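Student: Chains as they are written, first to last, in the numbering used here: chain A, 1 to 440; chain B, 441 to 675.
Everything hinted at is true.
In silico BS3-like links for lysine-lysine, alpha-carbon gap of 25 angstroms or less: (1) B:523 x A:52; (2) B:505 x A:2; (3) A:311 x B:638; (4) A:114 x A:128; (5) B:508 x A:2; (6) A:52 x A:22; (7) A:297 x B:612; (8) A:267 x A:281; (9) B:638 x B:615; (10) B:615 x B:532; (11) A:52 x A:36; (12) B:615 x B:523; (13) A:227 x A:36; (14) B:505 x B:532; (15) B:612 x A:300; (16) B:532 x B:638; (17) A:300 x B:615; (18) B:674 x A:297; (19) A:277 x B:612; (20) A:52 x A:297; (21) B:523 x A:101; (22) A:311 x B:631; (23) A:281 x B:612; (24) A:297 x B:523; (25) B:523 x A:281; (26) B:638 x B:523; (27) B:612 x B:523; (28) A:2 x A:101; (29) A:22 x A:252; (30) B:523 x A:36; (31) B:513 x A:2; (32) A:114 x A:67; (33) A:274 x A:36; (34) A:52 x A:267; (35) A:52 x B:674.
Some residues of chain A that are not near chain B, with every Cβ distance over 12 angstroms (derived): (36) 26; (37) 72; (38) 248; (39) 255; (40) 266.
These are calculated hints, taken from the structure and not from any lab test.
Every value quoted in this text rests on a predicted model; they were computed, and no experiment measured them.
We treat Cβ as the ideally placed atom computed from N, Cα and C, and that holds for glycine.
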Amino acid sequence: MKETPLSNCERRFLLRAIEEKKRLDGRQTYDYRNIKISFGTDYGCCIVELGKTRVLGQVSCELVAPKLNRATEGILFFNLELSQMAAPAFEPGRQSDLLVKLNRLLERCLRNSKCIDTESLCVVAGEKVWQIRVDLHLLNHDGNIIDAASIAAIVALCHFRRPDVSVQGEEVTLYTPEERDPVALSIHHMPICVSFAFFQQGTYLLVDPNEREERVMDGLLVIAMNKHREICTIQSSGGIMLLKDQVLRCSKIAGVKVAEITELIQKALENDQKVRKEGGKFGFAESIADQRITTFKMEKAPIDTSDVEEKAEEIIAEAEPPSEVVSKPVLWTSGTAQIGEGIENSWGDLEDSEKDDDDEGGSDEAVILDSVKMDTGVEVSDIGSQDAPIVLSDSEEEEMIILEPDKNPKKIRTQIACTKQEKAPSKKAVKKRKKKRTTN
Amino acid sequence: MEGAMRSDDKVCTETGIESSSRGPGCSLRHFACEQNLLSRPDGSAAFLQGDTSVLAGVYGPAEVKVSKEIFNKATLEVILRPKIGLPGVAEKSRERLIRNTCQAVVLGALHPRTSITVVLQVVSDAGSLLACCLNAACMALVDAGVPMRALFCGVTCALDSDGTLVLDPTAKQEKEARAVLTFALDSVDRKLLMSTTKGLYSDAELQQCLAAAQTASQHVFRFYRESLQRRYSKS
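Starting from the given sequences, assemble the full structure and let the hints guide the process.
Tutor: Here's what the structure looks like:
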């Protein structure tokens with residue numbers, strides 16, 4: 001499905017509003033939308049909502065052989081998917097420019113900033129290291145995917161626990177969560193992306209653009225920063241020239257925003273940890289708001305299955321018993337076996353009767369000729385050798401002659417030889433007549 | 441509704457005696473559903489069965505690619521996305537099962553030369569995933585207002601090694617089970633729309649599972665009804 005284009009009126013309206021320092025959702029220039037973080041039941045699973053933009057993050061791990069040039073380092077892998085659910089224009093299984101750009105930015109923000117201690121992921125140097133895979137799914141696209149995705153990635157990584165391992169000599173033992181508590185990843189810092197949209201060649205600036213604003217913007221500046229105000233990545237796209245002051249101003253704003261978001265993330269993580277420790281209810285079921293009119297919950301429902309056996313018996317009793325199947329082939333003599341019930345094959349009969357019908361119908365010249373051919377192959381071939389061209393000739397007169405035997409079609413079988421003989425001379429006669437005509 | 445009432449009465453009268461012998465197996469886990477939670481799709485729903493959770497989004501009836509256009513009905517497409525990694529054969533097979541179920545119910549002839557796309561995202565898998573996918577798809581189709589002949593629901597049954605029947609099994613129960621059967625049932629005649637099974641079972645056990653699934657489906661449909669009643673309670 002194609003994306004609905006933005007009309008000129010809408011575009012102009014949005015730009016005019018931005019010029020007047022107004023935003024459609026009532027935010028101020030530097031305001032972020034509401035951020036909501038909810039966790040799933042398993043470790044490393046979270047959903048981040050940035051306004052209406054929603055990203056699902058899931059971290060998983062696997063023991064693999066390390067890269068040859070990095071024998072003592074674990075592997076980090078990021079994969080952002082733009083699901084068709086998020087917007088109809090996203091096609092499944094296609095690497096669009098936007099997707100490539102976002103994935104690359106995410107890698108630069110999280111992997112290249114060395115926020116995760118990859119050396120702690122090494123189990124046996126050169127043989128076994130942990131591969132940490134971060135899957136991010138965009139569920140709803142309402143602008144600023146990169147900010148939501150970077151928050152989801154870092155939250156999922158912080159929430160994740162990998163199984164404990166122990167090495168004794170050559171032997172590597174992997175412990176299940178029941179045997180030993182899984183361990184958290186060691187995270188040095190939390191880089192978070194902050195997007196700035198520029199309009200009218202950099203005259204106006206907005207933080208956290210939504211989908212509509214992204215469509216009319218001229219350029220985008222993404223700054224990834226941690227709460228220590230260290231810049232991890234900076235990327236400007238859209239082809240606008242920015243002044244040094246503008247970039248510095250943006251980095252200042254980013255510092256404030258990142259501090260706020262980091263605090264929120266830590267609070268959310270602490271909350272989840274507390275609930276888990278106390279043995280309370282957690283997971284997505286708890287994060288669904290009860291008071292919403294669109295939500296509904298039902299407690300565990302007992303199902304009465306006492307009459308199930310009776311019902312099943314009834315149905316089976318009513319049903320026709322399945323026909324007996326001879327599963328074992330009967331061996332008559334060596335080399336001759338029988339499968340089935342030994343009734344004669346009826347396929348041949350069927351064909352015969354069809355043929356008879358055709359013969360009786362006698363409507364088509366070709367059919368008659370065919371059947372004749374089959375029954376008396378030798379004779380036909382003989383005749384054919386005598387004067388081959390007459391059989392497939394399509395002159396009207398010939399047709400008439402061939403149709404003659406139709407007057408007594410039932411005799412065809414028995415009198416094939418005669419009809420053939422009749423046919424042959426008559427056709428010769430036709431030929432002669434034709435010749436005469438041509439000569440005349 | 442009548443059927444649901446009847447089974448309710450039975451439960452009330454028999455719980456005292458039966459519950460001990462039946463064990464915890466024959467019950468549905470707690471259900472939760474949220475509709476219309478995504479802004480972009482025409483209809484969306486999150487469906488939770490215990491810890492299993494699936495998010496569904498529906499686009500349609502909408503513009504269709506010329507190559508996929510069907511001249512006398514809507515093109516129904518189902519996309520199932522796993523949580524980890526790329527979709528594989530298992531997802532493709534489930535997509536097909538869900539698509540065939542939806543196709544039996546959706547009145548596609550009312551919207552010829554359009555596309556109806558159902559996108560399902562697995563949020564967490566803790567058993568009975570296919571049943572949860574079916575329920576989420578149905579609720580999302582209802583939210584999108586796609587015309588349907590009947591509603592449908594998915595029910596999973598598991599048979600233990602000693603032949604006891606478990607409804608709506610968890611991942612652990614599914615793993616230990618001798619056979620796992622998933623049925624899709626329609627809301628009007630409670631008839632079978634789709635069935636898929638794994639493992640060994642006798643024909644008597646199949647009928648038992650089907651009968652149990654039919655009883656369970658009444659509860660699911662009551663859940664649908666009540667959640668929609670709540671949703672449209674204020675107009």
